[in-house]
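These protein sequences, in sequence, are chains F and Z.
When you line the first sequence up against the working numbering, it's residues 1 to 250, in that order.
When you line the second sequence up against the working numbering, it's residues 251 to 1037, in that order.
Don't take every hint at face value.
[Unchecked claim] Between beta-carbon pairs, the in silico distance windows are:
id: 1; chain 1: F; residue 1: T240; chain 2: Z; residue 2: L1027; range: 51 to 57 Å
id: 2; chain 1: Z; residue 1: M251; chain 2: F; residue 2: T246; range: 35 to 41 Å
id: 3; chain 1: F; residue 1: Y30; chain 2: Z; residue 2: A981; range: 24 to 30 Å
id: 4; chain 1: F; residue 1: E128; chain 2: Z; residue 2: T1000; range: 57 to 63 Å
id: 5; chain 1: F; residue 1: T240; chain 2: Z; residue 2: N629; range: 52 to 58 Å
id: 6; chain 1: Z; residue 1: W585; chain 2: F; residue 2: E137; range: 46 to 52 Å
id: 7; chain 1: Z; residue 1: N629; chain 2: F; residue 2: T135; range: 35 to 41 Å
id: 8; chain 1: F; residue 1: E249; chain 2: Z; residue 2: L1027; range: 36 to 42 Å
id: 9; chain 1: F; residue 1: Y30; chain 2: Z; residue 2: T1000; range: 43 to 49 Å
id: 10; chain 1: Z; residue 1: E938; chain 2: F; residue 2: K141; range: 38 to 44 Å
id: 11; chain 1: F; residue 1: E137; chain 2: Z; residue 2: A621; range: 39 to 45 Å
id: 12; chain 1: F; residue 1: T135; chain 2: Z; residue 2: A981; range: 57 to 63 Å
id: 13; chain 1: Z; residue 1: P638; chain 2: F; residue 2: T135; range: 36 to 42 Å
id: 14; chain 1: Z; residue 1: N629; chain 2: F; residue 2: H38; range: 28 to 34 Å
No wet-lab data here; the hints were simulated from the structure.
Note that CB positions come from ideal geometry on N, CA and C, so glycine has one too.
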Amino acid sequence: MTETRNEDVYVLADDSREAVFIAEGITKVYHMGEVDVHALRGVDLQLYKGEFVVLLGPSGSGKSTLLNILGGLDVPTAGSVRYRDHDLTEATEAELTEYRRHHVGFIFQFYNLIPSLTARENVALVTEIALDPMTPEEALKLVDLGDRMDHFPSQLSGGQQQRVAVARAVAKRPEVLLCDEPTGALDITTGVKVLEAIERVNRELGTTTAVITHNAAIAAMADRVIHIADGRIARIDHNTQKKKPTELEW
Amino acid sequence: MRAINRKLLRDLWHMRGQALAIVMIIASGVALFVTQLATLESLTFTRDSYYAEKRFADVFANCKRAPAPALQRIREVPGVDVVQSRVIVEVMLDVPGLAEPAKGRLLSVPDGRRPALNDLFLRDGRMPDPQAQGEVVVIEMFAKANNYHLNDTITAVINGRHQRLTIVGIGLSPEYVYSIAPGEMIPDDRRYAVLWMNERELAAAYNMEGAFNDLALTLAPHASEGEVIARVDDILRPYGGLGAYARKEQVSHWFLQNELTQLETFGVFIPLIFIGVAAFLLNVVLNRVIATERDQIAALKAFGYSNLRVALHFSQMVAGIVLVGALVGTAVGYWLGVMMIDLYTAYYHFPVLTFRMAGWVPVAGLLITAAASFAGTLNAVRRAAALPPAEAMRPEAPPTYRATTIERLGLQRLLAQPSRMILRNLERRPMKAGLSVLGMSMAVAMLVMGTAFMDIIYYVIDMQSNVIHREHVQVSFHEPRSMRSLHELERLPGVTYAEPFRSVPARVRFGHRSRRIGINGVPADTRLDRVLNMELEPFELPKDGILLSRVLGEKLGISAGDQLTVEVLEGSRPVRQVKVAALIDDFMGIAAYMEIRALNRLMREGDVISGANLLTDGRHDRELYDALRERPLVAGVVSKEAIIGNLKRMIEENLAVTIGINVLFAAIIAFGVIYNSARVSLSERARELASLRVLGLTRGEISYILLGELAILTLVSLPIGFLLGNWLIDAVMLTLNSEVMRFPRVVSGTTYALAATSVIVAATASGLIVRERLDKLDLVEVLKSRE
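Could you put the whole structure together from the sequences, leaning on the hints where they help?
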């Protein structure tokens, strides 16, 4: 069902598409006391407008590091990352903040909702600083939580909390949606609902979406699946036929 | 409202227990600050307008008897603006219900006119009629204390003759805001009166017609005070001048000024301690909040909130607490200030003394608090701002533990596992444990200091009344007399022992600095007026040479061995050199002591005395006082019992309130610090403790781990707090010690016990609150939530 292609071949075949991210030779080394941990060892990668990419790999493979670098949360030790005309490797702290504020939506494994704010207020936290946001109500309706807007995180189930997080991430109409194990803490039924929300945003708003996961089943809903192991891209799969989240099994 | 501000308010509400504790500490500091400084402001403002309105003089001078032409010469001195001459005499008064005679001071007022300077404020009645006889205006405090009203009469012994005076007015004067008999420290409104009488009548009684013995003057703008004083001195010298002096040496003004200086230093120093503690607590709490909100901070940053905005967010948290604290403090301070002013009206007398709070006082309180709090939390805020978002997304790395020193010493078998946890936890974060101990020690120290004031004051009273001054009655003469007068006093009813003293008014000078004081001559083997140092060792009175209060020595810049110039201000006004034998650490006033015969030699006079200290059998006081009243040579009689009574009354009415407030606020600190420590430990370790519960430990056992730590910290902080308290007392004494009073450091066992008990009670209460929360620990919830 899936084809395996060499990346070079793929790029040649698809270079008519508009690249949103171009990463070249990025490495990341963490200094942990006396040992150096190589999280990324030279990654070349392009992400294209509107595509849905899954970064698949076991824990410790470096996929979170890669996502953090793409999202402007972290900078590589070497190599370059460009987002359209922004050079993320050379950007200052303030420029990275601007970049995150206006272009990126984040979804985290543990939701990272502000417990003292209701669902609506958690979304408002982002819409209040965005340029052209939807209203918190619109965003919450998009993830099917129109009836839970005034609930605090502690009054919501895990799946509902993650959907609030999705609403919060997409409310600013970001060009890129970066999701770090969005279903990692959820069971299959609730996980599917969250994935449906993410897929819907990708489809309806055309948001470039990258999801990292160690759950191979999720790969089936991606346009491309980038396998990461030991800080390198092991291979890239291209799905000719994407599955709907409801069709996934794990 | 923006969502991030909503988060702020809800976070504050969530930590309301801890926030409230800090608010209370800030409020205590700000309240003290506002109270003291607003009181200072009110007093200063009232004093200045009173002085201006009643034309309080700049320079004062007394002499024996100067003729009117001398006054004209003084008027012509360059720099002199207005001059007012008067006649002042000290008299004895018969007050119904009082065994001993009261002291009175009669001041002349120009016949039919108001005084040009030092005018009276008439509360009631009128000035004496220039045509009438025996009419007086009485100072309000004396009238009140003795229940005198208009048209009542008082009997005075004027120049040896009993005379009835009619009260036609009741008033106050800027010269007697703090009204005390000469040589005393504390007002005794029952036994000391100031009275104003027509000049013609008073002058006639004392053979002072066309003459004066006292004058006051104001200076023209830009006049040199020192020069005017020197010229006035020169003019009055032939007339028995006692030396002119500036307003700053005027008794009432001097006491008031000392009080204001004390308010100023006290109003800043003590609040600073509170505010420091509050800043420290804010730091602890904020660090904890930031640690628990790591993932929220990360999320905020991931969404594009800048580091500055995150820093601002946490600064606003501090600002919220500071603002509420400052507001509550200002309100409480205002209320306390009104109370304080009420206390002041008992000792400092103005026509009206109302509490007013200048706008700058609360603003300054707020700014100081804000500055200290932001400085104290800068590090925590910076940590939040610098937290890299990617880093913050991961839970904090597990802390490194190791076996403690005690265990490494091989004593681990003595310790059960929970006890080891306590010790390892303490050793792992010695800084945090140290800060908690420091906070609690501060609380202990504040309690020790607050309560120790009572110890100190009662100690000083005991010293002054039982150890230093052991006489029962002090008798002073109008004029120096021969030793024969002493023998006369010895024979009076009830007198068991009489000891002479000589008191010489003098200006002492060293270099360009000088002070007006009284030199006390006492016998070398004195039993009743002893010269002791702060260690209570009697000073050997040197055969010649002079002992000075250390505070006076320091003012003059003189030390033992130096030659002091003594310009005697009575008799032929000789100027002599005396060697300073030693500086003495005494408690009250500024004093100079000489052996009585050495003083007589210095004065080139025979065995002359100014009065005597008496011991009585206590059974014949009435007869003794009657006998003394009959003797024209006796200027005044002072019963020590009355003085001590006044001192105790002043303390109970005035200081007790201030000290009570301090102790209350210290207790607030104690509770605030301990409660915060306990809450922070609880939130840091809830997960660990819940895990232990899941593993089967009982509630009691996990409480032991958490509260055991608190108990150890509390116990360690007690001795450190005692030590700190002693330092604190020394530091406060440095700011409090004045020419009026010096305080030794005295801390009784009861004070230590009280401080320890309060802190242990606060710790137990905090422990119980935390224990209650521990009991309610939701095991599933705690374990599910990410750290």
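Evaluation of the provided hints:
no.: 1; hint: F:T240 - Z:L1027: 51 to 57 Å; result: 53 Å, holds
no.: 2; hint: Z:M251 - F:T246: 35 to 41 Å; result: 40 Å, holds
no.: 3; hint: F:Y30 - Z:A981: 24 to 30 Å; result: 49 Å, violated
no.: 4; hint: F:E128 - Z:T1000: 57 to 63 Å; result: 59 Å, holds
no.: 5; hint: F:T240 - Z:N629: 52 to 58 Å; result: 56 Å, holds
no.: 6; hint: Z:W585 - F:E137: 46 to 52 Å; result: 48 Å, holds
no.: 7; hint: Z:N629 - F:T135: 35 to 41 Å; result: 39 Å, holds
no.: 8; hint: F:E249 - Z:L1027: 36 to 42 Å; result: 39 Å, holds
no.: 9; hint: F:Y30 - Z:T1000: 43 to 49 Å; result: 60 Å, violated
no.: 10; hint: Z:E938 - F:K141: 38 to 44 Å; result: 41 Å, holds
no.: 11; hint: F:E137 - Z:A621: 39 to 45 Å; result: 43 Å, holds
no.: 12; hint: F:T135 - Z:A981: 57 to 63 Å; result: 60 Å, holds
no.: 13; hint: Z:P638 - F:T135: 36 to 42 Å; result: 32 Å, violated
no.: 14; hint: Z:N629 - F:H38: 28 to 34 Å; result: 33 Å, holds
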